Amino acid sequence: MTYRTLGIFAVAGAIAWTGSTLFYAAFGAGMIERAFWFYAVNAVATGAVLTVLFHALTKALRVDRYAMLAPALAFAAPGLLLSIALAPGALNLFANAEPETAGRYGAYLFFAYMVVLAAAVTPAPKLKQA
Numbered sequence: 005m006t007y008r009t010l011g012i013f014a015v016a017g018a019i020a021w022t023g024s025t026l027f028y029a030a031f032g033a034g035m036i037e038r039a040f041w042f043y044a045v046n047a048v049a050t051g052a053v054l055t056v057l058f059h060a061l062t063k064a065l066r067v068d069r070y071a072m073l074a075p076a077l078a079f080a081a082p083g084l085l086l087s088i089a090l091a092p093g094a095l096n097l098f099a100n101a102e103p104e105t106a107g108r109y110g111a112y113l114f115f116a117y118m119v120v121l122a123a124a125v126t127p128a129p130k131l132k133q134a
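Per my numbering: the sequence shown = residues 5 to 134.
Do not take every clue at face value.
Restraint ranges, calculated between C-beta atoms of paired labels, are given here [what the hints assert, rightly or not]:
| no. | residue 1 | residue 2 | range |
| --- | --- | --- | --- |
| 1 | 15 | 96 | 20 to 28 Å |
| 2 | 40 | 5 | 38 to 46 Å |
| 3 | 65 | 39 | 36 to 44 Å |
| 4 | 126 | 93 | 32 to 40 Å |
| 5 | 5 | 104 | 35 to 43 Å |
| 6 | 65 | 126 | 16 to 24 Å |
| 7 | 52 | 129 | 17 to 25 Å |
| 8 | 31 | 10 | 25 to 33 Å |
| 9 | 40 | 70 | 33 to 41 Å |
| 10 | 115 | 69 | 21 to 29 Å |
| 11 | 31 | 133 | 45 to 53 Å |
| 12 | 23 | 131 | 33 to 41 Å |
| 13 | 18 | 111 | 28 to 36 Å |
Everything labelled a hint here was simulated from the structure, so no lab data went into it. Bear in mind the structure is a predicted one, so any value in this text is a computation, not a measurement. By construction, the Cβ of each residue, glycine as well, lies at the ideal position given by its N, Cα and C atoms.
Kindly generate the complete structure, drawing on both the sequences and the hints.
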């Protein structure tokens with residue numbers, strides 16, 4: 005695993021974070037935070053989208069299935085760090101936001117990136133021999 009490959013995953017993770025944050029800024033306070041079930045569904049859907057993007061990048065860069073933890077951490081780190089940096093100013097960024105929005109936004113992204121990390125460390129299924 006080269007530093008260049010990890011850098012590509014970090015840049016892709018930052019781009020994914022930007023998309024997730026823009027989605028939350030557009031729909032978070034008005035729609036997502038109105039009902040817990042809708043918030044949970046969106047967190048799961050965001051985690052699934054990020055996982056698909058991560059796995060597409062691993063296929064494109066031909067990352068070995070057993071060496072996916074470092075790329076997953078490189079993919080998740082920018083988003084987690086940027087969301088921590090953004091949390092204090094979340095009320096200014098998100099329109100019509102309540103004071104709890106910063107915590108909900110952090111939990112939303114934390115869950116989404118944990119789905120990516122869990123998918124990266126989950127062992128591949130064993131094929132049955134006939």
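For each hint, the structure was consulted:
Evaluation of the 20 to 28 Å hint for residue 15 and residue 96 yields a pass: the beta carbon distance comes to about 26 Å. For residue 40 and residue 5, the Cβ-Cβ distance of about 39 Å falls inside the hinted range of 38 to 46 Å, so the restraint holds. At about 39 Å, the CB distance of residue 65 to residue 39 agrees with the hint of 36 to 44 Å. The hint said 32 to 40 Å for the Cβ distance between residue 126 and residue 93, and at roughly 35 Å that hint holds.
Taking 35 to 43 Å as the suggested C-beta distance range, the pair residue 5 and residue 104 conforms, at roughly 39 Å. The hinted range of 16 to 24 Å is satisfied by residue 65 and residue 126, whose Cβ atoms lie roughly 19 Å apart. Evaluation of the 17 to 25 Å hint for residue 52 and residue 129 yields a pass: the beta carbon distance comes to about 18 Å. The given range of 25 to 33 Å is respected by residue 31 and residue 10, whose C-beta atoms sit roughly 32 Å from each other.
At about 37 Å, the beta-carbon gap between residue 40 and residue 70 stays in the expected band of 33 to 41 Å. Between residue 115 and residue 69 the beta carbons are some 24 Å apart, a value that agrees with the proposed interval 21 to 29 Å. Taking 45 to 53 Å as the suggested C-beta distance range, the pair residue 31 and residue 133 conforms, at roughly 48 Å. Our hint of 33 to 41 Å for residue 23 and residue 131 holds, since their Cβ atoms are close to 35 Å apart.
The beta-carbon spacing between residue 18 and residue 111, approximately 20 Å, falls outside the hinted interval of 28 to 36 Å.
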